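There are 4 protein chains.
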Amino acid sequence: MTMELLEGETRMKDYSLERLVMLTDGVFAIAITLLAIELAPPEHWDHTFAGLLRGMGAELWAYVLSFTVIAVYWATHRRTFQRFLRSDWVLTTFNLVLLGLVTLLPFASRLIAEAGIKGEPFVIYTGLITAIGVCSALMWGYAAFIGRLVDKDLPMSLRVILFLVLLIVPTGMAVGSMMLADRSHWWVGLIMIAIVAPIIWLRRRLQKKAGL
Amino acid sequence: MTMELLEGETRMKDYSLERLVMLTDGVFAIAITLLAIELAPPEHWDHTFAGLLRGMGAELWAYVLSFTVIAVYWATHRRTFQRFLRSDWVLTTFNLVLLGLVTLLPFASRLIAEAGIKGEPFVIYTGLITAIGVCSALMWGYAAFIGRLVDKDLPMSLRVILFLVLLIVPTGMAVGSMMLADRSHWWVGLIMIAIVAPIIWLRRRLQKKAGL
Amino acid sequence: MTMELLEGETRMKDYSLERLVMLTDGVFAIAITLLAIELAPPEHWDHTFAGLLRGMGAELWAYVLSFTVIAVYWATHRRTFQRFLRSDWVLTTFNLVLLGLVTLLPFASRLIAEAGIKGEPFVIYTGLITAIGVCSALMWGYAAFIGRLVDKDLPMSLRVILFLVLLIVPTGMAVGSMMLADRSHWWVGLIMIAIVAPIIWLRRRLQKKAGL
Amino acid sequence: MTMELLEGETRMKDYSLERLVMLTDGVFAIAITLLAIELAPPEHWDHTFAGLLRGMGAELWAYVLSFTVIAVYWATHRRTFQRFLRSDWVLTTFNLVLLGLVTLLPFASRLIAEAGIKGEPFVIYTGLITAIGVCSALMWGYAAFIGRLVDKDLPMSLRVILFLVLLIVPTGMAVGSMMLADRSHWWVGLIMIAIVAPIIWLRRRLQKKAGL
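Residue numbers (this note's numbering), protein chains in the order written: chain A, 127 to 338; chain B, 127 to 338; chain C, 127 to 338; chain D, 127 to 338.
In isolation and in its complexed conformation, chain A is listed as follows (with noise of 0.2 Å):
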């Protein structure tokens, strides 16, 4: 426990990676907190609770599904920066343009408010998803196997291994968002788990060995 305090510490003493990400924070809580403020109740609301989710269903449906992709990126965010010592230029351009995307989710959850989940505007909001997890992979791959802004102590195969897993988060996405619009693809979902899980079990299992 010490140790990581002490690492804890000396991660969050370089000035421009501090800044970034509370820059970064910043422009989550307003993204997140911007998209319940289109929430407005229908005309000619009845005043009773199944009118509210009659007049509002793909609204909400957007809010809730917006919420945890906002939130998904966010703890992703968290869990690749905790390993970041430093922040270049590149790193720097990685995350505008991540927070640039992220910016753009509550409009993006306006375009399926109003067309619902299917449609090229549903392609549209999962292409933004997917943009956002991509990002978010290409930072990590630049930090850990090129610009060295990591720990050296870092091993490679947990690099490579959290490399994949930031891969798989918007996949997952993009292809539980294709589930939901078309149901008939059921089975996309389970070779996508079956591919997926044990790649989790071998991150959990280097980061014990690692003593992480």
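No wet-lab data here; the hints were simulated from the structure. One should not assume that every hint holds.
No distinction is drawn between identical chains; accordingly, a pair holds when it is met within one copy or between any pair of copies.
[Unchecked claim] Restricting the straight-line Cα-Cα distance to at most 30 Å, the calculated cross-link-like pairs of lysine-lysine (DSBU-like) are:
#1 278 - 335
#2 244 - 334
#3 335 - 244
#4 244 - 278
#5 334 - 278
These numbers were taken from a predicted model, which means no experiment stands behind them.
Chain A is fixed; fit chains B, C and D onto it per the hints.
This is chains B, C and D only, laid out in the frame that chain A set:
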């Protein structure tokens, strides 16, 4: 004093916990500010203070109520998290659900600004407040009794009493709200106070005894 | 320098105080940004700068005024909290009320953007500004004289003079606002300056003497 | 590395500076997120991606442009403030004016989303960008040459070159914007690059020499 400051220091060093708190404070700050952004002078306002109160009575009242609710839950969050040493994914999930419910408050506030403090809209509003409180209490329950996320020197009696206090907050808010809507049940409030007073007194006593 | 840095360090270690400050900076940041979100080009705008100023004169003026007010109160908050060692529930309550009043500023700003710097809307606006200042002064008064939340080495004379300065800010703003609305009372401004100048001078002297 | 971390540590300990940075990151985070809140699908949207781009071309373009501008200025702010040891009221004032100008960007962005990248609206937009940059450069100029707010070991040559770089950013943005609006002046861009390239090269060299 010195010892508490040192404790405070180590407490904030856990990276995951620190970022969870930063995100939370951001979301609370935005939710509290967005409550007021909805306020707009009434149409055909006669430019007098009386006219403002007449035209916006329900809206201003909903603003004051929701502001108080968010403020109380923020203070509750601060009090709870002060005891945490680290976070895990269960705590993170509880906290994100809590934030999701908090971001819905401006929306629920709009419902009662429109429909008044009565009927089903007010039940929805009260339900949301209660849900936030229950989520808050479950979070503490998990951290204190299951997840071992708090200082192991924190006496069990204090953990239990804090859990009870956290359950009282939403119950009190629900009861208070019901009494606002229908004043004939004033005796429920008396029973409430008769239950709450000794618990608060016990908490203070236990906290003093534990030297916290 | 070194000593002050160390002081600064211990000062920020109190968990409750630190989170109160984080919430406050968040609310101020949002309030200051929301002021501008209201601004929109006038209908039937002729796409010239002169047309923009002509069509939005009152709005832009209200923006600049409210921005200055929020900025001054933020600086006041920073100056006050720099002296605090810890927080208690009274300070927290004062601070939350202060935040509640600050979040109302964009709304009050809209009132005068609509009705102009005159009549009752401007009195409401000035009243809000004064209330923020009075709340700020009371908060310092409580912390410095009753709650013992400041460094005990801070000389009493300096505490008193800071309290006076804090009372002057809202008074000066109220007087300045009144003079904006009715320029015939220019001599009130002169009396104001005659009272304020020696107090400011005294504060600087006392602060230098105390080596702060 | 170790020394830089220690420096980073002392750098962030000044209370006034730390809070100024927190407020700044908050405002930038909100401004960057609010840019996107304006985006809405076009009326009578045919639910295709092509229709979205056709109906929102100018808006999306204004979003990307303004996002880049805010991101660049945030990075500039971070680079500048990394060198600061403390703040005074002049720096605070410069920084608050900077924030005021940044909060106007979503508004200016709306102007060009409506009127397109041409004519007087675009001149207003470019003027605002330039004003932010000039304010940023003056802030550094004050801190490095007059207010003695930076580390006294920072060589004078590096201070001067950083000031030049800060002046180049807004100039480059203004020139780039003009070229976007009227492509016939492409040779201005060539001259610009011929001036900027050696300055950037010099800064890198000086920074390496100073071991920073």
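Which constraints among the numbered hints does this structure fail? Numbers only, ascending. Of the numbered hints given earlier, those the structure breaks are 2, 3 and 4, listed in rising order.
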